[in-house]
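K.L.:
Residue numbers (our numbering), protein chains in the order written: chain C, 1 to 76; chain G, 101 to 176.
Check each hint, because a few of them may be wrong.
What the hints assert, rightly or not - Here are a few chain C residues that face chain G, going by a calculated C-beta distance under 10 Å:
| hint | residue |
| --- | --- |
| 1 | Y11 |
| 2 | L28 |
| 3 | V29 |
| 4 | T56 |
| 5 | A60 |
| 6 | Q64 |
| 7 | L71 |
| 8 | K75 |
Quick caveat, the hints were computed from the structure, so don't treat them as lab data.
Ideal Cβ placement from N, Cα and C applies to all residues, glycine included.
Number of protein chains: 2
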Amino acid sequence: MEKNRITVEIYGNTYNMVGLESVEHMRLVAKTVDRRMRELKSKNPSLDSIQLAVLTAVNAVNEQLLLEEELRKLKD
Amino acid sequence: MEKNRITVEIYGNTYNMVGLESVEHMRLVAKTVDRRMRELKSKNPSLDSIQLAVLTAVNAVNEQLLLEEELRKLKD
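Chain C with its partners taken away, still in its complex shape (with noise of 0.2 Å):
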């Protein structure tokens, strides 16, 4: 299966993406983090680039566990 790969910018730093995703979704995923670690700071201005990101990964995680959680009880 044949990768994409495209050039991000994400909360102003630039990043490579490597996927197999469609290179639509991959710029909305990176949009997102973008949007969210925004969100986070306009809330908590003390914050600094690594906890909002690290805040953004616990978020996301968070919610990829729950969402498997229901799609394996889904499918039983």
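Guided by the hints, dock chain G onto chain C, whose structure is given.
P.N.:
Just chain G, lined up with the frame of chain C:
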């Protein structure tokens, strides 16, 4: 609904987590983020902490969006 509050360590920094989920679930989320950042670091030693955290957020948001799509289809 009562909120739980815990203090966790992720990649060497301390974070206060607040959530409706159980303390066990919140600890698992923090541990997962910490582990993924360390795994990324071992594969890409040149990445700094913010890059590691942003890429961990990117991967988790990617999973979250794919799972939401899968759930939507299952519920249709």
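K.L.:
Holds or violated: C:Y11 as interface residue toward chain G, Cβ cutoff 10 Å?
P.N.:
Holds: closest Cβ of chain G sits about 7 Å from C:Y11, inside 10 Å.
K.L.:
Per the CB criterion, is C:K75 less than 10 Å away from chain G?
P.N.:
Constraint on C:K75 satisfied, holds at 8 Å.
K.L.:
Return the status of the interface hint for C:V29: holds when the least beta-carbon distance to chain G is below 10 Å, violated otherwise.
P.N.:
At 5 Å from the nearest chain G Cβ, C:V29 passes the 10 Å test, so the hint holds.
K.L.:
C:T56 was flagged as interface toward chain G. Is the shortest Cβ-Cβ separation under 10 Å?
P.N.:
With Cβ-Cβ at 4 Å, under 10 Å, it holds.
K.L.:
Taking 10 Å as the limit, does the beta-carbon of C:L28 come near enough to a beta-carbon in chain G?
P.N.:
Interface hint status for C:L28: holds (7 Å vs cutoff 10 Å).
K.L.:
Hey, does the C:A60 contact hint survive, CB to chain G under 10 Å?
P.N.:
holds (3 Å)
K.L.:
Take the shortest C-beta to C-beta distance between C:L71 and chain G; is it under 10 Å?
P.N.:
Holds. Min distance 6 Å.
K.L.:
Mind checking the CB of C:Q64 against every CB in chain G and telling me if the closest is under 10 Å?
P.N.:
holds (5 Å)
The structure meets every hint from the earlier list without exception.
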